[in-house]
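Enquirer: Protein chains in written order, with this note's numbering: chain A, 1 to 110; chain B, 1 to 114.
Derived by calculation from the structure, the hints in this document are not laboratory data. There could be a bad hint or two in this list.
Stretch-level coverage of chain A by chain B, calculated; a stretch enters the list once three of its residues show a Cβ under 8 Å from a Cβ in chain B [unchecked claim]:
hint: 1; stretch: 12 to 22
hint: 2; stretch: 75 to 88
hint: 3; stretch: 94 to 100
DSS-like mimics (lysine-lysine), calculated; alpha carbons at most 25 Å apart, straight line [unchecked claim]:
hint: 4; chain 1: B; residue 1: K9; chain 2: B; residue 2: K36
hint: 5; chain 1: B; residue 1: K22; chain 2: A; residue 2: K42
hint: 6; chain 1: B; residue 1: K53; chain 2: A; residue 2: K42
hint: 7; chain 1: A; residue 1: K97; chain 2: B; residue 2: K36
hint: 8; chain 1: A; residue 1: K69; chain 2: A; residue 2: K42
Don't be surprised by glycine CBs; every beta carbon is placed ideally from N, CA and C.
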Amino acid sequence: ILNVEQSPQSLHVQEGDSTNFTCSFPSSNFYALHWYRWETAKSPEALFVMTLNGDEKKKGRISATLNTKEGYSYLYIKGSQPEDSATYLCAFGGYQKVTFGTGTKLQVIP
Amino acid sequence: DTEVTQTPKHLVMGMTNKKSLKCEQHMGHRAMYWYKQKAKKPPELMFVYSYEKLSINESVPSRFSPECPNSSLLNLHLHALQPEDSALYLCASSQDFAGYQPQHFGDGTRLSIL
C-alpha cells in the first residue's frame with residue numbers, strides 16, 4: 001500500500017497571511033507529484049505536476065517545490081484570500097497510477 | 001465550467017435497483033478513470049480505461065460494472081449495491097494513461113444507497 005501523507009489535516013488562517021503545507025511520499029518508483037485544489041461542490045482542479053527533483057512551479061500566489069530524494073513537496077500560498085479556501089490534495093504519480101493523499105483543508109478567515 | 005461532465009449529480013437507489021452513472025469528455029483524452037471518495041478520505045481508484053480498454057480494476061466488487069462505449073464516454077453500471085457503497089463517485093480523464101499526466105475531474109455523482 002502506497003503511503004501519501006499530508007499535513008496538517010486542516011488549517012485556519014487570516015486573510016493576508018501566508019501559509020504552507022506538506023506532502024510526503026515514497027521516494028521509489030516516482031514519476032510525478034501532483035497538486036490539486038478541491039473547492040466545496042466543485043471538481044478537483046489540477047494546480048501543478050512536477051517531475052524533477054528541485055522542480056519549483058508557480059501559479060499566481062501559489063507555488064510548490066519538490067524533493068524526490070527525501071520524498072516531500074511543499075505548497076505555499078502567499079497572502080491568502082477567502083477564495084483560496086479549499087482542500088488541497090497531493091497525489092503520487094507512479095508509472096501509470098496516481099495515489100492521492102488525504103488532503104489539507106484550508107479555511108481563510110476574512 | 002468543468003470539461004468532464006458527470007450525470008446524474010445525485011442518485012438515491014435501493015439495494016435491489018439497477019442504475020448507471022455516466023461520464024463524458026470531449027478533450028480527446030485517451031484515459032478515463034472512476035474514483036470512489038468517502039467523507040474525509042482521499043479519492044480511491046476503482047477502474048482505468050486506456051484507449052477504450054480496461055487497464056486497471058482495483059479489485060472492485062462485481063456489483064460495479066464499468067463500460068467504455070467510445071473514447072468520449074465512460075459508464076459505471078450499478079446493481080445490488082450495499083449501504084457502504086454510498087459515496088461520491090468521481091470520473092476523470094487524462095491525455096494518456098501515465099502517472100505524470102494531470103487528471104481532469106468531473107463534479108462527481110453523490111450516491112446514496114437506502
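Enquirer: Indicate, hint by hint, whether the structure satisfies it.
Expert: Okay, the hints, checked on the actual structure:
1. 12 to 22: violated (count 0)
2. 75 to 88: violated (count 0)
3. 94 to 100: n = 7 at 8 Å, threshold three: holds.
4. B/K9 <-> B/K36: With Cα atoms ~14 Å apart, B/K9 and B/K36 stay inside 25 Å; holds.
5. B/K22 <-> A/K42: 17 Å, holds
6. B/K53 <-> A/K42: 28 Å, violated
7. A/K97 <-> B/K36: 15 Å, holds
8. A/K69 <-> A/K42: Violated, at roughly 34 Å.
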